[in-house]
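Enquirer: Listed below are the residues making up each chain.
2 protein chains.
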Amino acid sequence: MRDVYVIGVGLHPFGRFGDKDVIEIGREAVVAALEDSGVAWKDVESAYCGTVFAGPMAGNKVLARVGLTGLPIMNLENACASGGSALRLAFQDVASGFCDIALAFGFEKMPRGFIAGNPNDWFATMGMAVNPQYFALNARRHMADYGTTEDHLVRVSVKNHRNGALNPYAMYRKVMSYEEIANSTMVNDPLRLLMLCAPNEGGAAVVVASREAAKRYTTRLIRLASVVLKSPLYGTAEVPYIAVSSQVEAPSVTRTASEAAYEAAGIGPGDLDLVELQDTDSAAEIIYSEELGLCGRGEGARLLDDGATEIGGRLPVNPSGGLLSKGEPLGASALGQVAEVVWQLRGEAGARQVSDARVGLTHVYGALGNCAVSILQC
Amino acid sequence: MRDVYVIGVGLHPFGRFGDKDVIEIGREAVVAALEDSGVAWKDVESAYCGTVFAGPMAGNKVLARVGLTGLPIMNLENACASGGSALRLAFQDVASGFCDIALAFGFEKMPRGFIAGNPNDWFATMGMAVNPQYFALNARRHMADYGTTEDHLVRVSVKNHRNGALNPYAMYRKVMSYEEIANSTMVNDPLRLLMLCAPNEGGAAVVVASREAAKRYTTRLIRLASVVLKSPLYGTAEVPYIAVSSQVEAPSVTRTASEAAYEAAGIGPGDLDLVELQDTDSAAEIIYSEELGLCGRGEGARLLDDGATEIGGRLPVNPSGGLLSKGEPLGASALGQVAEVVWQLRGEAGARQVSDARVGLTHVYGALGNCAVSILQC
Numbered sequence: 020m021r022d023v024y025v026i027g028v029g030l031h032p033f034g035r036f037g038d039k040d041v042i043e044i045g046r047e048a049v050v051a052a053l054e055d056s057g058v059a060w061k062d063v064e065s066a067y068c069g070t071v072f073a074g075p076m077a078g079n080k081v082l083a084r085v086g087l088t089g090l091p092i093m094n095l096e097n098a099c100a101s102g103g104s105a106l107r108l109a110f111q112d113v114a115s116g117f118c119d120i121a122l123a124f125g126f127e128k129m130p131r132g133f134i135a136g137n138p139n140d141w142f143a144t145m146g147m148a149v150n151p152q153y154f155a156l157n158a159r160r161h162m163a164d165y166g167t168t169e170d171h172l173v174r175v176s177v178k179n180h181r182n183g184a185l186n187p188y189a190m191y192r193k194v195m196s197y198e199e200i201a202n203s204t205m206v207n208d209p210l211r212l213l214m215l216c217a218p219n220e221g222g223a224a225v226v227v228a229s230r231e232a233a234k235r236y237t238t239r240l241i242r243l244a245s246v247v248l249k250s251p252l253y254g255t256a257e258v259p260y261i262a263v264s265s266q267v268e269a270p271s272v273t274r275t276a277s278e279a280a281y282e283a284a285g286i287g288p289g290d291l292d293l294v295e296l297q298d299t300d301s302a303a304e305i306i307y308s309e310e311l312g313l314c315g316r317g318e319g320a321r322l323l324d325d326g327a328t329e330i331g332g333r334l335p336v337n338p339s340g341g342l343l344s345k346g347e348p349l350g351a352s353a354l355g356q357v358a359e360v361v362w363q364l365r366g367e368a369g370a371r372q373v374s375d376a377r378v379g380l381t382h383v384y385g386a387l388g389n390c391a392v393s394i395l396q397c
Numbered sequence: 020m021r022d023v024y025v026i027g028v029g030l031h032p033f034g035r036f037g038d039k040d041v042i043e044i045g046r047e048a049v050v051a052a053l054e055d056s057g058v059a060w061k062d063v064e065s066a067y068c069g070t071v072f073a074g075p076m077a078g079n080k081v082l083a084r085v086g087l088t089g090l091p092i093m094n095l096e097n098a099c100a101s102g103g104s105a106l107r108l109a110f111q112d113v114a115s116g117f118c119d120i121a122l123a124f125g126f127e128k129m130p131r132g133f134i135a136g137n138p139n140d141w142f143a144t145m146g147m148a149v150n151p152q153y154f155a156l157n158a159r160r161h162m163a164d165y166g167t168t169e170d171h172l173v174r175v176s177v178k179n180h181r182n183g184a185l186n187p188y189a190m191y192r193k194v195m196s197y198e199e200i201a202n203s204t205m206v207n208d209p210l211r212l213l214m215l216c217a218p219n220e221g222g223a224a225v226v227v228a229s230r231e232a233a234k235r236y237t238t239r240l241i242r243l244a245s246v247v248l249k250s251p252l253y254g255t256a257e258v259p260y261i262a263v264s265s266q267v268e269a270p271s272v273t274r275t276a277s278e279a280a281y282e283a284a285g286i287g288p289g290d291l292d293l294v295e296l297q298d299t300d301s302a303a304e305i306i307y308s309e310e311l312g313l314c315g316r317g318e319g320a321r322l323l324d325d326g327a328t329e330i331g332g333r334l335p336v337n338p339s340g341g342l343l344s345k346g347e348p349l350g351a352s353a354l355g356q357v358a359e360v361v362w363q364l365r366g367e368a369g370a371r372q373v374s375d376a377r378v379g380l381t382h383v384y385g386a387l388g389n390c391a392v393s394i395l396q397c
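Taken in sequence, the protein lines are chains A and B. The numbering of the first sequence is the numbering used here, which starts it at 20 and goes up by one. The numbering of the second sequence is the numbering used here, which starts it at 20 and goes up by one.
To be clear, the hints were calculated from the coordinates, so they are not data collected in a lab. Cβ atoms here follow ideal geometry from the backbone N, Cα and C, with glycine treated the same way. Among the hints, erroneous ones may be present.
Covered stretches of chain B, going by a simulated chain A footprint (3 or more residues, C-beta under 8 Å) [stated by the list, open to error]:
no.	region
1	24 to 32
2	85 to 98
Label pairs and their calculated CB-CB ranges [what the hints assert, rightly or not]:
no.	chain 1	residue 1	chain 2	residue 2	range
3	B	L240	A	D22	26 to 36 Å
4	B	D164	A	R230	48 to 58 Å
5	A	G116	B	E367	47 to 57 Å
6	B	D164	A	G116	34 to 44 Å
7	B	A283	A	S374	41 to 51 Å
8	A	P187	B	V149	39 to 49 Å
Anything over 10 Å on all C-beta distances counts as not near chain B; from chain A, calculated [what the hints assert, rightly or not]:
no.	residue
9	M20
10	W60
11	E96
12	D112
13	G146
14	Y153
15	S203
16	T237
17	G289
18	D292
19	E318
20	G369
21	D375
Bound conformation, chain A alone (with noise of 0.2 Å):
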């Protein structure tokens, strides 16, 4: 395999946008990352699309207007693992010689509110309609096991909110006092709607390419070392992960697919100087940093009592401030933290940025158990 390397990303902000086009969404996605990258799009050679919410064909509509060069285009639909689905096949495409530049791009526009399930689902019947009941959870028992607190949820939220005031590309873009998440509507006990992302429109593009034609754009090189996609090994996997993560002996698909990128890029938890993960509430950040090996088992809350996880700290986790400040347009999301990573990786991030990043780790977890994992390293 040849090694793999992020040339050009591109976001369209995250947030809301009122009528504005999905499509269009996407393209401006698409375009700013060619833009970055110096490729010129008649040598882009394959295309990967994650969406979920943008209808059928959505990627061929979106470079439909970027223009037809007659490339492959294959659109994926992998919940909030779509993106991340979308980067492995266009990194496969390059590490294996078929092609020397390959695009992988997302987009959204997605409905307002949580989503339901299907009502078919044994999940739904049982009254676990939306997404925050089982994040909900979750969070319940993991504060049970491991002495995690409602001050820990509010302060993960915090961190997060004040990491995206200060990037232009997130939804809410301001910094949220301890009150104001502390005492923001209940959802789900004990998550409150400040502890949880918002399903949200955006758009993210990455350009991938072979050593060899990187090198035609840029002296900055930034290894994609590698990316992983895992289904999970346990659970019923027609409903979404449940509270049993932290306490079953069978490892959750966040751990799989991260032991998994670990071991093929040669690369440890303890060589990481940030992560992106999948924070769709506040005790989802504190469970999957123990899942990505960030910390043992159920020491999670201690990163955040130990500051590690600020932008100054040990350990940045989400200085992109994450889906609770950038909220969650499921096809973008994977995508917009490899920008985020590459941005930090090249001393680009402005007022966020991690002082010496040298290797980042994204992660994003979707329904079903579909769980992505990349890393990346200058």
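Given chain A, put chain B in place with the hints provided.
Expert: Below, chain B without anything else, positioned relative to chain A:
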């Protein structure tokens, strides 16, 4: 790149199955392909699912019923080319050495009636809301340019229904007389109801493997010599391919995709023993025969006149009965073609067996111009 082999194929019959769950339809196809291959499910290393109508994460739902093994699962939506796109990715996975055994599968439970376009597309705004309208324009154009007649359109359908009557997986499974077809309801002039394929339900799955892995399961090696996916080089691409196909100098995507597939396989149209192509309507079989290089431009109807495309002819086209007899469950369609070619190359096609078949081609073409072509060889 490594050679790739098809070691198992499986179908769920194409047709209408009442309240039967689409996930169960998919599961039965996957299990049939696994049984045909002899591969244990735990040894499949990656899975690519093509479906348009089965809803979010449908591939994960199907495979959860087969067993949770943690493998990466990609859900693809590429319109009529969805199954061909899944096969392309499984092929790449094995050819590149990312894995030794991969699964491509697709399934569908489509709404009745013809598919209406997006009302925001100018095509629909202009009154071109459903497929048979532009199929009919293609047909009329070919008739005007090359002397193709309504008699030819009837006879394509007679041939394919005669073949499909011999196929236990086909929807209609019955011979249709010349008169029945010629007198069936006019849908869009010149295309009558029995000259159009029916959207329906069904499933198909294909197991591919490296040479080394394949030899553990079978001595009858059928090589998947190439799989190519292309998007169009001209047109508006937000609307389907229209009647200009046989006129403009820019090549159609069926031509560019098939030329790439021939080149990658080292096999030309003159080497083919049978073809399964996208006969969404009778005229399409004639037009695509030309675009696949089976004959010169404008000579498609002559192939029919010469009897070349009959099962006993020089180059049988759609010996399975094609979409006209089988119907078109989008995600399953291309993989159903591959199953037919594999059975033909193995000599397992029963009453519709093409004698001494050694090389076959499959072709699907989808909305917005995605086209997938594969070539198989024993």
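Enquirer: The structure should be examined with respect to each hint, and the outcome stated for every one.
Expert: Checked hints:
{"no.": "1", "hint": "24 to 32", "result": "violated (count 0)"}
{"no.": "2", "hint": "85 to 98", "result": "holds (count 12)"}
{"no.": "3", "hint": "L240(B) to D22(A): 26 to 36 Å", "result": "holds (33 Å)"}
{"no.": "4", "hint": "D164(B) to R230(A): 48 to 58 Å", "result": "holds (50 Å)"}
{"no.": "5", "hint": "G116(A) to E367(B): 47 to 57 Å", "result": "violated (35 Å)"}
{"no.": "6", "hint": "D164(B) to G116(A): 34 to 44 Å", "result": "holds (42 Å)"}
{"no.": "7", "hint": "A283(B) to S374(A): 41 to 51 Å", "result": "holds (48 Å)"}
{"no.": "8", "hint": "P187(A) to V149(B): 39 to 49 Å", "result": "holds (44 Å)"}
{"no.": "9", "hint": "M20", "result": "violated (7 Å)"}
{"no.": "10", "hint": "W60", "result": "holds (13 Å)"}
{"no.": "11", "hint": "E96", "result": "violated (5 Å)"}
{"no.": "12", "hint": "D112", "result": "violated (7 Å)"}
{"no.": "13", "hint": "G146", "result": "holds (21 Å)"}
{"no.": "14", "hint": "Y153", "result": "holds (16 Å)"}
{"no.": "15", "hint": "S203", "result": "holds (29 Å)"}
{"no.": "16", "hint": "T237", "result": "holds (25 Å)"}
{"no.": "17", "hint": "G289", "result": "holds (25 Å)"}
{"no.": "18", "hint": "D292", "result": "holds (27 Å)"}
{"no.": "19", "hint": "E318", "result": "holds (25 Å)"}
{"no.": "20", "hint": "G369", "result": "holds (35 Å)"}
{"no.": "21", "hint": "D375", "result": "holds (33 Å)"}
Going down the numbered hints, you'll see the structure goes against 1, 5, 9, 11 and 12, while the others check out.
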